[in-house]
Amino acid sequence: MTVTLTEAAADKIQGLLDRENNAELNLRVFVSGGGCSGFQYGFTFDDQINDNDTIVENHGVKLLVDRSSLDLLNGAEIDYQSSIQGESFVIRNPNAASTCGCGKSFTPSESGSGCANAGY
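The opening residue of the sequence shown carries number 1 in the UniProt record's numbering; numbering runs sequentially from there.
Rather than coming from a laboratory, the hints here were simulated on the basis of the structure.
It cannot be assumed that every hint is accurate.
Computed Cβ-Cβ distance ranges for the label pairs, DEER-style [to be verified]: (1) 22 - 94: 31 to 37 Å; (2) 38 - 7: 28 to 34 Å; (3) 85 - 23: 32 to 38 Å; (4) 83 - 50: 19 to 25 Å; (5) 109 - 19: 33 to 39 Å; (6) 18 - 68: 19 to 25 Å.
Glycine included, C-beta positions come from ideal geometry on N, C-alpha and C.
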């Protein structure tokens with residue numbers, strides 16, 4: 001298992017990458033300590049691939065995920081949604097037992113099961 005992108009997320013990411021005008025860039029998805037629930041999601045463009053990175057390609061978009069983040073993101077799906085309330089990336093993470101009210105941080109489940117959504 002790895003991290004997957006929906007077609008909507010891949011289209012949005014590709015559009016953002018195209019605006020950067022740098023063919024070397026990939027999207028790095030990571031988890032860091034912080035937020036009100038203990039861990040928070042992060043996204044950044046990166047032109048470096050590290051030795052401990054897993055490269056995941058979905059719908060023509062490459063994601064870079066470091067080993068420790070992959071443990072917390074394994075099986076997650078990244079989507080992009082538009083609604084009357086705005087647009088955001090949404091992470092459906094089976095490893096999250098709960099998320100905070102803002103949806104940008106989460107508490108991992110002990111067993112790695114469960115379901116939670118996070119909008120970013």
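Checked hints:
no.: 1; hint: 22 - 94: 31 to 37 Å; verdict: holds (33 Å)
no.: 2; hint: 38 - 7: 28 to 34 Å; verdict: holds (31 Å)
no.: 3; hint: 85 - 23: 32 to 38 Å; verdict: holds (34 Å)
no.: 4; hint: 83 - 50: 19 to 25 Å; verdict: violated (35 Å)
no.: 5; hint: 109 - 19: 33 to 39 Å; verdict: holds (36 Å)
no.: 6; hint: 18 - 68: 19 to 25 Å; verdict: violated (30 Å)
Checked against the numbered hints given earlier, this structure breaks hints 4, 6; the rest are met.
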